[in-house]
Amino acid sequence: MTEVKISRTAGLLGGSEGRTFSWDKIRQVANVEIVIAGTLFTIIAVIAIFGQFLQTHDPMQGDLLKRFTPPGQEGYFMGSDHLGRDLWSRMVDGLQWSMACAMTANVLNLLIGSTLGLLAAEKPGWLRIIVNQFVYTLQSFPGLVILICVVVVVGQGFITLVLTLGLLSWVVYMRVVYAEASSLSQREYVQAARLAGVSRWAIMFGHVLPGVRASLFVIFAFHFAGLLIAESALSFLGLGAPLGVPTWGNMLAESRQYMIRAPWMLVVPAGAIVTAVVTMNLVGDGIASLARKKGPSIDA
Amino acid sequence: MVKPVVRIEDLSLEFISQAGAFEALKGISLDIGEGEIVGVVGESGSGKSVTAMNILQLLPRTKIRVPTGSINVLDHDVRAMSEKRLQQIRGGEVSMIFQEPMTALNPVLRVSDQINDVILRHKDVSALEAEEISLSLLEDTQIADPRRVYESYPHELSGGMRQRVMIAMAFSCSPKLIVADEPTTALDVTVQAQILRLLKERAEKTNTSVLLITHDLAVVAQLCNRVYVMYKGEFVEEGTTQDVIGNPQHVYTKALLNSLPEGKTPKSRLATVAAAMLEGGSNDKVIKSPVAATRIARSGDTVLEIKKGTVRYPKDYNFFGRPITFHTAVDHVSVDIKEGETLALVGESGCGKTSLANAVVGLNPLADGEIIYRGKNIKDHDPETRREIQIVFQDPQSSLDPRWPVWKIMTEPLTVGKSLDKAELRKRAGELCEMVGLEPDQIDRLPHEFSGGQRQRIAIGRALSVRPKLLVLDEPTSALDVSVQAQILNLLLDLQDEFGLTYLFISHDVAVVRHIADKVAVMYQSKVVEEGDTEQILSAPTHEYTRTLMNAVPSLEKAFAA
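Protein sequences appear in the order of chains A and B. Here the first sequence is numbered in this note's numbering, starting from 1 and rising by one per residue. Here the second sequence is numbered in this note's numbering, starting from 1001 and rising by one per residue.
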């Protein structure tokens, strides 16, 4: 029974005959969750990339005569804010800002965290001890508190924000890669490679890294959502994006005074944050369920 | 004929999955009479466990379909029973003993709680009376100190003790039938012998029927009155144990018996089931004609010499993480192997044989003593020479990278320090495939697309890729079915003939060792207690432990002699 099941799912994800793309195979692994996640993600990605062509107004240019226009009126698709600026165009700008920030920081996290995790797993000794102790220290503080402290010291701006997030929130990558790589390097096929004289680097890139790859994809998606929230929170507190830059956090902060008079000013950025975070979590779940389906064929 | 306790008639069963239905049982019929011990023998995947689980309706009802057939336990149709009625039967009239007692017992409850729970559930007694019954049950299973076991947690007991507890639990409500699914497979041979004897004794005393599920014909021969042989979801043969094993009728039964190394000329090729079932068209390729006389002349030089080898593992650590006490896994062991010879290390689990093997290939450092390879301490050899020693692990599932295609796995050792292009590597992989009896056009497949035996061939191929002189084989056949074991043993003997390989063969299976080894070293509690020519040691053992071991090994001959 298991044999049948295995060949069915294994084909899609790299069986010998399964390297070609076909809708049949997509349909086999797809479920509602993955379809929704994929659709939402595609929409967000399109807006992020082609935002300039989708904006209807200049996001920075206000029209004081058209303050607090409700959504759908006078050409304001999502309404206008207290200075008469188009919320949709500002939301698109905010999306680009947040995505660029979270993506860059996430890639930095991925590189730092997985490198340290791999090294700590592969090389017992002082490196492992130092990295682990550093991670414990970092983990013992609430994440946002550290970020706030650092940002207060180094100041605002895109680069500083990306670097702060990028250099301080890689712990999750390190922990997962370290744990998985440690267990993988005890596997018999890794030992067999070692006995055959295969170098440490070749083992790391040939056996260990491909083994943790699936997990890395999953964390990347979930962590992305976390970084989006962190970035918005910092901006909201006035510590992230410089004042005036239309990010979701700044827009939320501005909306506070007019919550009753123009609730759409609150709903637009808040809705954007919720949608983006939920999407990334769904993407993470989707990748995880794909990896699980692939699971039995490799590690059963 | 006595009144049957269980009667299964024409039972078919399908597993339903997204991929479609898989036919696990194809119209089987089985009777178990009162007080009878009946065996069901088959290889993995033949459907024997499914049969057992089905008697107690333990398979998830949504995942199976039963097109035909009936199961009657004590004249009641279990398929028509409510879940509540089934619960009364399970553990009451029919109880079960599983393969792995560690996972069958709850690790966070004391033995006392677990036995009492069963008794209180099925009998109308007070807690105090239950305790009394439990203690007497434990006493019946020949446990020396029932009170201590009664108050222990499962992890405080040895494997054999745990299985005794399971037996006590199984007998606790005076069942009519006990279903034992591979009850001794996870245990050492000496313990297995005790448990089997105990099971038989208790069953006879209480007139309980036993359905024994096993892959081991020798166990059946020792224990059962009647036996059913199962192959691909069907009973191909049934009858009294004497008849079936002494005079098999079906081609599968004959092939299965022929594939056992027991009673065959040492180093001869074993018949394989695949060959018999395909009637000639076998995938078990003969690499070279199996004529023992054509063996390469051996120099008789000592290849490997272990002098007082000692392996220790840290047990407790001090405040700074430095180990302060050690467990000695291998204790001053000295053995040597001559070129082209097979030395077998035999012993029970935990005796240190694998630790020693790992020390030879360099996975464990020696705490004391030295390993001399070709006249020089192994530590002083250059890496290239050290690669002449390769290892084949027990479980081919975990020793092959699941993400790599076969050609890459087999040629990985060749890529060290050399840059060979892909075409060259693939060509070499093809050659290696032929060497170990795989089709060369399968080199693009992934490990999971192969069967267990084929995977072990891949692992052997990888070890051979660097043209080793010495191969350490760590239980290379214990994870495989007997018929597949025969194929791998044939392959190993052929390879030794062809390339004059030297083997260090680690095993717990005396029959296999007798078949393949020239010399044998018996390990017991970290020490080698006896060493010498295989035939001499195994037929006339001098050490106490070796004698116990030889007596405990279940064997067809012994069963019939008795």
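Calculated directly from the structure, the hints in this document are not laboratory data. Be careful, since some hints might not be right.
[As the list claims (entries may be wrong)] BS3-like cross-link-like pairs, simulated, lysine-lysine; straight-line CA separation at most 25 Å:
1) B:1267 with A:123
2) B:1469 with B:1315
3) A:123 with B:1315
4) B:1469 with B:1267
5) B:1003 with B:1205
6) B:1338 with B:1418
Everything numeric in this text was worked out from a predicted model, so none of it was measured.
Check: If you check each hint against the structure, which ones fail?
Finding: 1, 2 and 6
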